[in-house]
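All chains, please: the whole structure from these sequences, using the hints.
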Amino acid sequence: MKNKIYIAALFCVCLLSCKKTLDTVPQGTAASSDLNTPANIDKMVIAAYSALGNDEYMTPYSSMWPYGSIRSGDAYKGGDGPGDISEFHGYETFSLNRVDYGPTDALWFRLYVGIGRVNDALSRVNAISDADFPNKAVRQGELRFLRGHFYFLLKILFKYVPYIDETVVKTDYPTISNNALTDDALWKKIEDDFRAGVASLPKTQPEVGRANKYAAEAYLAKTLLYHAYTQDESNNVTGIDQAKLTEVNTLCDDVINSGGYALLPDFANNFLSQFENGKESVFAIQYSINDGTPQGREDFGHELDYPMNQEYGCCGFHVPSNNLINAFKTDNNGLPMFGTFNNADIEPTGDYKTNSFDPRIDHTVATPGHPYKYRSSFIFQTSWARAPQVYGPHLSMKETVLPDDPAFKKFPPFMSSGKNWAIIRYADVLLFKAEALIEMNRELEAVPLINQIRQRAANSESLLKQADGSAISNYKIATYQPGVNCVWSQDFARQALRFERRLEFAMEGYRFFDLVRWGIAAEYMNSYFAVEKTRKSHLQDAVFKKNRDEYMPIPLNQINFSKGLYKQNHGW
Numbered sequence: 001m002k003n004k005i006y007i008a009a010l011f012c013v014c015l016l017s018c019k020k021t022l023d024t025v026p027q028g029t030a031a032s033s034d035l036n037t038p039a040n041i042d043k044m045v046i047a048a049y050s051a052l053g054n055d056e057y058m059t060p061y062s063s064m065w066p067y068g069s070i071r072s073g074d075a076y077k078g079g080d081g082p083g084d085i086s087e088f089h090g091y092e093t094f095s096l097n098r099v100d101y102g103p104t105d106a107l108w109f110r111l112y113v114g115i116g117r118v119n120d121a122l123s124r125v126n127a128i129s130d131a132d133f134p135n136k137a138v139r140q141g142e143l144r145f146l147r148g149h150f151y152f153l154l155k156i157l158f159k160y161v162p163y164i165d166e167t168v169v170k171t172d173y174p175t176i177s178n179n180a181l182t183d184d185a186l187w188k189k190i191e192d193d194f195r196a197g198v199a200s201l202p203k204t205q206p207e208v209g210r211a212n213k214y215a216a217e218a219y220l221a222k223t224l225l226y227h228a229y230t231q232d233e234s235n236n237v238t239g240i241d242q243a244k245l246t247e248v249n250t251l252c253d254d255v256i257n258s259g260g261y262a263l264l265p266d267f268a269n270n271f272l273s274q275f276e277n278g279k280e281s282v283f284a285i286q287y288s289i290n291d292g293t294p295q296g297r298e299d300f301g302h303e304l305d306y307p308m309n310q311e312y313g314c315c316g317f318h319v320p321s322n323n324l325i326n327a328f329k330t331d332n333n334g335l336p337m338f339g340t341f342n343n344a345d346i347e348p349t350g351d352y353k354t355n356s357f358d359p360r361i362d363h364t365v366a367t368p369g370h371p372y373k374y375r376s377s378f379i380f381q382t383s384w385a386r387a388p389q390v391y392g393p394h395l396s397m398k399e400t401v402l403p404d405d406p407a408f409k410k411f412p413p414f415m416s417s418g419k420n421w422a423i424i425r426y427a428d429v430l431l432f433k434a435e436a437l438i439e440m441n442r443e444l445e446a447v448p449l450i451n452q453i454r455q456r457a458a459n460s461e462s463l464l465k466q467a468d469g470s471a472i473s474n475y476k477i478a479t480y481q482p483g484v485n486c487v488w489s490q491d492f493a494r495q496a497l498r499f500e501r502r503l504e505f506a507m508e509g510y511r512f513f514d515l516v517r518w519g520i521a522a523e524y525m526n527s528y529f530a531v532e533k534t535r536k537s538h539l540q541d542a543v544f545k546k547n548r549d550e551y552m553p554i555p556l557n558q559i560n561f562s563k564g565l566y567k568q569n570h571g572w
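Each residue of the sequence shown is one higher than the last, beginning at 1 in my numbering.
Think of the hints as simulated: they come from the structure by calculation, not from any bench.
Built from N, CA and C at the ideal position, the CB exists for glycine as well.
Any given hint might turn out to be false.
Here are the simulated DSS-like pairs of lysine-lysine, each with C-alpha atoms no more than 25 Å apart in a straight line [said to hold, decoys possible]: (1) Lys536 - Lys546; (2) Lys533 - Lys545; (3) Lys546 - Lys563; (4) Lys279 - Lys373; (5) Lys136 - Lys203; (6) Lys136 - Lys188; (7) Lys373 - Lys409; (8) Lys170 - Lys189; (9) Lys563 - Lys170; (10) Lys136 - Lys170; (11) Lys43 - Lys188.
Ranges between beta-carbon positions, derived for each pair [what the hints assert, rightly or not]: (12) Glu207 - Ser177: 37 to 43 Å; (13) Asn547 - Asp130: 48 to 54 Å; (14) Gln568 - Lys188: 21 to 27 Å.
Okay, structure coming up:
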């Protein structure tokens, strides 16, 4: 009897013990409901912010350089020849681009991961009370801003994409087509997110890096400016919406008149880590190193773009084109040479003294014999390029830092930095407004805006010195003086604006998308290829197919995953 009681008691103890063990929440996991506390919801918002820079070398979307620079005539792919990340070679030549490229599919996926993080956080913020979460309206505005950013990138890359917000249940995802919304309706959805940011975000934020009201206004202005150039189903630009241009002008005025932003005194300061989050930064991706995380928060999207010398080591991608280098030439008046800049090729001569140049050339292009990143004892060499026999001896500089910069970090064989990367600079806002004014037939009002940019460039020579104190190149740049050094018609003003955007934002990743929204991509690119093929053999297959190549193809994997619900873009 005692034995039976003992066994029964032991059985009960085991049951109780096992029940307690099985009811314990596993370590390292959290139920979805556990995340709905105010503290955890704030962390979910931060997780959505972190998706801004979650790109990597095969699918960068921080600066968009493989899609906006090397597809625009501003840059060659670079690396160790056409076979080194051959998909980027396909992007550059257009004719070799394909619907089954893995990096294109991964780009789509990563941008939707960002949207997924936003939607998850936003559904939790929407459900909590204002009393429990006093920052509710502000966090809603931030999340709408972030979602607008991710959809903006998808829109300019692919044109037609499935729109999914926080109200859509996951079981309905497979029912939403990429052409459920018209081109116009999809733009309006993106604008609505930025309008929500304008309505609920404060003018300033207590923490650096969070979106504020003016960042939302600037991004809304950018979105409206793209939307203003109406397109048909074949990607032809059919008109310019004057009402949208008027709103762009008003939004830019609000940012300009806020007093919170200004051009930095030296163009170089935008691309040096010690000046990040300065007055010119309207919104930037916040990177970091040695921040307590295992790998830090580095700019992996640019990790291919460093030189091949021993201080760095890899990988020589993102090479400024001969055409871009020639575009920095100036005439006897110090103005751009709109129609003739490319008649004589500077790169093979290495002569930067006979012609005169816009100073921004040596802030943008790494050139043999010239100091690298403003250090007169650190001279860029042809050997620092990966494949100079294919792409030439130059590299891009804006995205890199010096090897002893506190922001620099090696990840062999790659390297990166914790330097921020601007999504919108104040210079953008000035040129958004100038473009709107020109297209509203108010081109004279655009002169002082463009001249602010040019005057800053003229004031940005102090760091462009050789070891003996002499200027690196022969600089000559002037502002536009209508009636004195130019005839400022609408057509001339349009050329000036478009050229200024190219020089100011060269190698920053958005040039191609400008060409598409202006409706000139096919003509511009095929004219570029006609000349550049005589200089670079890797472009022999290059041709831009009008009414197709304005947008990337919808990835074949995505069409297959959707079981044919997604429709391929026009021409593909």
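Taking the hints in turn, this is what the structure says about them:
Restraint check for Lys536 and Lys546: satisfied, since their Cα atoms lie roughly 23 Å apart, inside the 25 Å limit. Straight-line distance between C-alpha atoms of Lys533 and Lys545 comes to about 16 Å, which keeps the hinted pair within the 25 Å bound. Under the criterion of a C-alpha separation no larger than 25 Å, the hint pairing Lys546 with Lys563 is inconsistent with the structure, at around 28 Å. The hinted pair formed by Lys279 and Lys373 meets the criterion: a straight-line CA distance of about 21 Å does not exceed 25 Å.
With a CA separation close to 16 Å, the supplied pair Lys136 and Lys203 stays within the 25 Å bound. Of the supplied pair hints, the one linking Lys136 and Lys188 holds, its CA atoms being roughly 24 Å apart against a limit of 25 Å. Distance check on the hinted pair: Lys373 and Lys409 sit about 16 Å apart at the alpha-carbon level, within 25 Å; holds. Taking the CA atoms of Lys170 and Lys189, the gap is near 19 Å; set against the 25 Å cutoff, the hint holds.
For the given pair, Lys563 sits about 17 Å from Lys170 by alpha-carbon distance, which is consistent with the 25 Å threshold. Taking the CA atoms of Lys136 and Lys170, the gap is about 24 Å. The hint holds against a cut of 25 Å. About 29 Å separates the Cα atoms of Lys43 and Lys188, which puts this hinted pair outside 25 Å; it is violated. A beta carbon spacing of about 39 Å between Glu207 and Ser177 agrees with the range 37 to 43 Å that was offered as a hint.
Hint check: Asn547 to Asp130, Cβ distance near 50 Å, so the stated range 48 to 54 Å holds. In this structure the hint that Gln568 and Lys188 lie 21 to 27 Å apart at CB holds, the actual value being about 24 Å.
Comparing the model with each numbered hint stated earlier shows that hints 3, 11 do not hold.
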